[in-house]
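Student: Count along the sequence shown from 1, then add 397; that gives the number in our numbering.
Since the hints were made in silico from the structure, they are not lab data. Every value quoted in this text rests on a predicted model; they were computed, and no experiment measured them. Accuracy of the hints is not assured; some may be wrong.
The calculated SDA-like cross-link candidates involving lysine to any residue, where the alpha carbons are at most 25 Å apart (straight line), are [stated by the list, open to error]:
1. K681 with D644
2. K531 with R657
3. K520 with R541
4. K503 with A516
5. K531 with L647
6. K531 with D630
7. K430 with V463
Have a look at the derived ranges for each label pair, beta carbon to beta carbon [claimed, not checked]:
8. G512 with C478: 44 to 52 Å
9. R416 with C478: 23 to 31 Å
10. K626 with V509: 44 to 52 Å
11. R674 with R619: 17 to 25 Å
12. S417 with R485: 28 to 36 Å
13. R674 with A504: 33 to 41 Å
14. R619 with H524: 49 to 57 Å
15. T465 with A498: 43 to 51 Å
We put the CB at the ideal spot given by N, CA and C, even for glycine.
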Amino acid sequence: MGEASQTERVRQHQLAVARSMGVPPAVLEVLGKAEDWKLREWLYICALDGFPAERLGEYAKGGTDVATLCRIREEFWRERCARTDDLRKDVESLGREVRQASLESKAAREAVEAGVGEAMKRKEREHAEALRAKESAILVLKSRVGELEGELGRLKGEKPEPDVTVKEGEQEVRKEPAGQGKTESQTGQADRPAKKAREEPDGQGTPATWFPRAVAARFQVRRREREAKRFIDRFVAGGDLTAEQLDYLLECLEEGVSVREMERFAAPGVPVGVMRRLNGLQRKGG
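Given the sequences, and given the hints that come with them, work out the whole structure.
Tutor: Structural data, given as structure tokens:
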């Protein structure tokens with residue numbers, strides 16, 4: 398009676414320990430049915446190792462002894478370690494692949510960065526060349542403008558003598574340019590009406606017969622000065638046109654085309670050939 402009670406206390410103690418360790422109820426049932434306490438102890442250990450309840454039940458019912466169960470446990474762990482080694486090999490293989498991919502990505506990134514750097518350098522060179530071309534064109538245009546300003550200054554300095562004809566009765570008095578002498582009437586009475594005719598037109602005839610040439614010349618000079626300044630402000634200072642386009646527009650300015658007329662066909666993206674044809678159409682239609 399005392400031995401049975403002792404065996405039962407050991408069973409209950411082992412079950413309490415297994416229960417405290419979170420062993421599933423199916424495993425607790427297998428442990429409760431095992432008679433040998435040593436076998437029960439190893440079944441409990443195998444349960445903690447991860448043996449399923451079905452296998453533990455087979456070991457308990459089949460009369461497996463402790464030595465055999467220990468060998469089974471060793472084989473179980475050997476298989477698990479082998480699976481771990483396979484997993485470790487897979488992880489190492491993936492690590493090598495990741496490192497290889499990283500190296501390839503680095504090489505690709507370096508190639509892209511080198512290509513971008515080369516493209517940036519090429520763009521900078523092209524920009525510098527374009528700036529030099531524009532600066533050269535501006536210098537050429539400034540030289541041409543300086544020549545035009547010199548010509549305008551020369552025209553300002555010229556004061557041509559007006560050629561005025563005055564009718565007084567049936568006698569004509571004409572003032573000839575210096576060095577050619579005078580007309581038939583050389584009296585002071587004939588000079589005074591001529592001066593009066595220059596200062597006060599009588600309303601008869603066209604303006605070309607009485608408007609002084611010096612005033613007309615000054616008007617033309619001022620007009621050219623205004624057009625030259627408009628041309629510089631509109632086309633040269635902006636720096637958007639090429640040297641070829643500016644050269645053609647300067648030719649148009651020299652031919653008498655106004656800046657307002659140029660604005661109708663001149664634009665940064667319009668080729669010189671197209672500008673020339675548009676200018677021709679405009680002058681034909683104008």
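Student: Which constraints among the numbered hints does this structure fail? Numbers only, ascending.
Tutor: 3, 11, 13 and 14
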